[in-house]
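Undergrad: Residue numbers (the working numbering), protein chains in the order written: chain A, 1 to 331; chain B, 1 to 355.
Hints should not be assumed to be uniformly reliable.
Residues from chain A shown here face chain B by an in silico Cβ test under 10 Å; the list is partial [said to hold, decoys possible]: (1) GLN64; (2) ILE126; (3) GLY143; (4) GLU149; (5) ALA158; (6) LEU161; (7) LEU201; (8) PHE270; (9) ILE274; (10) GLY308.
Rather than coming from a laboratory, the hints here were simulated on the basis of the structure. C-beta: ideal position from N, C-alpha, C; glycine also.
Chain residues, written in single-letter form:
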Amino acid sequence: MNGALLRFRAGDWGAYAILPVMALATLPAMSFSTWLTLTVAGIAMGMMLFLMAAGLTLIFGLMQVFTFAHGAFITLGAYLAVSVVAVMAGWSAAESWWLNLAVLAAALLVALVASGAAGYVFERVIIRRVYGAHLRQILITVGGLIIAEQLVVALWGANPLPLPKPASLRGSIILGGAAIEKYRILAASLGLLAYAGLHLLLNRTRVGLLVRAGVENLEMVEALGYRIRRLFIGVFVIGTALAGIGGVMWAFYQELVTRSIGGDMTILIFIILIIGGLGSIGGCVTAAVLVGLVTNYVGFLAPKLALGSTIVLMMAILLWRPRGLFPVGAR
Amino acid sequence: MRPLDGLLSGDRPGGLVLSLLLLAVLLGLAFAPFLFPGTRPLGVAARICIFIVLAASYDVMLGYTGIASFAHTMFFGMGAYGVAIALSKLWAGWDAVLLGTAAGVALAALVAILIGLLSLRVRAIFFSMITLAVASFALILATELRDLTGGEDGLTFSVPRLLTPEFRLAAEPVLGARLDGRLVTYYLIFVLSLALFLLMLRVVNSPFGRVLQAIRENEFRAEALGYRTVAYRTLAGALSAAMAALAGAMMALLLRYNGPAATLSFDLMVDILLMVVIGGMGTLYGPVLGAVVLVMAEYYLQPAMAAVSGGLKGWPVLPALFDPDRWLLWLGVLFVLIVYFFPAGIVGKLREGRR
Chain A
1 MNGALLRFRA GDWGAYAILP VMALATLPAM SFSTWLTLTV AGIAMGMMLF
51 LMAAGLTLIF GLMQVFTFAH GAFITLGAYL AVSVVAVMAG WSAAESWWLN
101 LAVLAAALLV ALVASGAAGY VFERVIIRRV YGAHLRQILI TVGGLIIAEQ
151 LVVALWGANP LPLPKPASLR GSIILGGAAI EKYRILAASL GLLAYAGLHL
201 LLNRTRVGLL VRAGVENLEM VEALGYRIRR LFIGVFVIGT ALAGIGGVMW
251 AFYQELVTRS IGGDMTILIF IILIIGGLGS IGGCVTAAVL VGLVTNYVGF
301 LAPKLALGST IVLMMAILLW RPRGLFPVGA R
Chain B
1 MRPLDGLLSG DRPGGLVLSL LLLAVLLGLA FAPFLFPGTR PLGVAARICI
51 FIVLAASYDV MLGYTGIASF AHTMFFGMGA YGVAIALSKL WAGWDAVLLG
101 TAAGVALAAL VAILIGLLSL RVRAIFFSMI TLAVASFALI LATELRDLTG
151 GEDGLTFSVP RLLTPEFRLA AEPVLGARLD GRLVTYYLIF VLSLALFLLM
201 LRVVNSPFGR VLQAIRENEF RAEALGYRTV AYRTLAGALS AAMAALAGAM
251 MALLLRYNGP AATLSFDLMV DILLMVVIGG MGTLYGPVLG AVVLVMAEYY
301 LQPAMAAVSG GLKGWPVLPA LFDPDRWLLW LGVLFVLIVY FFPAGIVGKL
351 REGRR
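Only chain A is shown next, with the shape it has when bound in the complex:
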């Protein structure tokens, strides 16, 4: 196994080049300012997708556990954001950066804690019993997804709920003749922060070392006396907490929360995992931005094709690299 969890494989130029090539190839088709707007929008969307997908790729990489219920934690985050904004409505409407950011921070914090806790319960109650049995994992997590979606509807109702952005996060700034939404910059920064945090955690700490070793060779790490399952609980909780945060950011971005918000994202997240290579954080961030860019470019050039474009992209990349752009280990 030559697995690099975070680092890109040296000399893999084809996979490196895909982002800049994709970004520059569309430039002739539109004006520069449009291109800049779309590119920033694509990167922002990609970083939000990364937040939601990062946990899943680690969960899979470490324990070969596959969960279809990841979307439930996104939905949970989104609905918690609605509740937090309802409680702090005054601060959210105020024309003050600090109060507005406090609302967003509170929503993120609530989602982080609640999704993490829900993830812990989910791991203990549902996932723990089906280690190693892939088909049962798929079935049981689909069951978990059904229950979670229905519970969300029972608690928050079946109707879509509006979720206006805090006042100062609306609108855009003008940069190089292009209008760039403030919220997108914020979302991209947060995603980058999460990526940097994961990078440091995995590459500069002892726990991270164990996680990376576990991805490469689980049995060996266990044979050396480390309780990899306990470590996996931590990874699962972090993964679901990130999904919750991603749900909050995506909900504010859409300004509308429906019960299928997590389910809709699940398909995109799977596409990202397949494109990036299962278990690779570096692949995950690349694929997430790629999907974000393609969605935005195609959405501008041929709106009718936008929804299907990512699926076509996935098919093309699978034909080129059957195991994704940055496959980890021998998987």
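We have chain A already, so just place chain B on it with the hints.
TA: What follows is chain B alone, placed relative to chain A:
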């Protein structure tokens, strides 16, 4: 019992309770128009027939070959759209029905083969994710290609005269049932479903079916024995897709309408999964019971839950949990419990005592 064994391909249900249950289902469906007169029960019975075929064909993939696909509704929809498009764009004749069905089945088998060759070589999980993506792509296509599929609204069409409610076999009702086109439609669906079910029973109990089960149990060993597992899996996928498309064609004839929500939605996929797992994976009798349980629950569990919910009025969250629209919540809980404690479903539980 010799002729019966021939009909069931030597795969007897096993267990007295299970045999009696299945016999009750068969007799109930065979005489449904006379036992439960009325339009609504007849619709429910026809739905049960169609879902038995659909769930059984899914079981060929999930239970017998051990592959979790999420594109089964896509194949179901292809058959339904085949009939719908043929009847609405051509004419309301039997040849159009046959043409549409054939086109739908051929398309479904072709797409299943393509998906299989592209993604069955890699891990099972990859396959599950790819089928989910392809199925959502199909849903998008059906909604976007408005000229062909009618978009969100779907297609309403007329069926051959023999199947319309206006058609009368006899003026007077026989044994409380009116002999009209609805009855003809029902028996067409019933006979076709029974034939398709027996055909699938034949397939899974053939040498081909044994190889599928060998692949499920140990793919590596099956490959080592000289079976080309990718070819077998792809073929199983194509067969399962073709059966689903036939079920879809019957659904279109029953509803005289087809749209994305009726035959392509992800909720439907969840229903199929519930049917197969609750009934029992890896035995075709499981989906029969699963389909009966789920379709009945869909129609008759909700009034029961409304009563419970009304009784709990005044409690904090409880009435919301028992709201009639939350029936899927309780089936989801049942689903998880069954995957944990009775992986072989109802049928497995009923067969257990015998061994």
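Undergrad: Would you check whether ILE274/A satisfies its interface hint, that is, whether its CB is within less than 10 Å of any CB in chain B?
TA: Because about 6 Å separates ILE274/A from the closest Cβ in chain B, which is inside the 10 Å limit, the hint holds.
Undergrad: Hint check: is the beta carbon of GLN64/A less than 10 Å from a beta carbon of chain B?
TA: Where the cut-off is 10 Å and the nearest Cβ of chain B is about 9 Å from GLN64/A, the hint holds.
Undergrad: With chain B as the partner, please determine if GLY308/A meets the hint condition of a C-beta pair closer than 10 Å.
TA: Status holds, d = 5 Å.
Undergrad: Mind checking the CB of PHE270/A against every CB in chain B and telling me if the closest is under 10 Å?
TA: Nearest chain B Cβ about 4 Å off; hint holds.
Undergrad: A closest beta-carbon separation below 10 Å is what the hint needs, so does GLU149/A meet it against chain B?
TA: holds (8 Å)
Undergrad: Less than 10 Å between beta-carbons is the criterion; does GLY143/A satisfy it with respect to chain B?
TA: This hint holds: GLY143/A lies near chain B, its Cβ roughly 4 Å from the closest one there, short of 10 Å.
Undergrad: Does the interface hint hold: is LEU201/A within less than 10 Å of chain B, judged Cβ to Cβ?
TA: Since the shortest Cβ distance to chain B is 25 Å, the answer is violated.
Undergrad: Against chain B, with CB atoms and a cut of 10 Å, does the hint on ILE126/A hold up?
TA: holds (7 Å)
Undergrad: Against chain B, run the beta carbon of LEU161/A and see if the smallest gap drops under 10 Å.
TA: This interface hint is violated because 16 Å lies over the 10 Å limit.
Undergrad: Could you check if ALA158/A really has its C-beta closer than 10 Å to a C-beta on chain B?
TA: OK, holds: ALA158/A within 10 Å of chain B, min 7 Å.
Violated hints for the displayed structure, listed by number in ascending order: 6 and 7.
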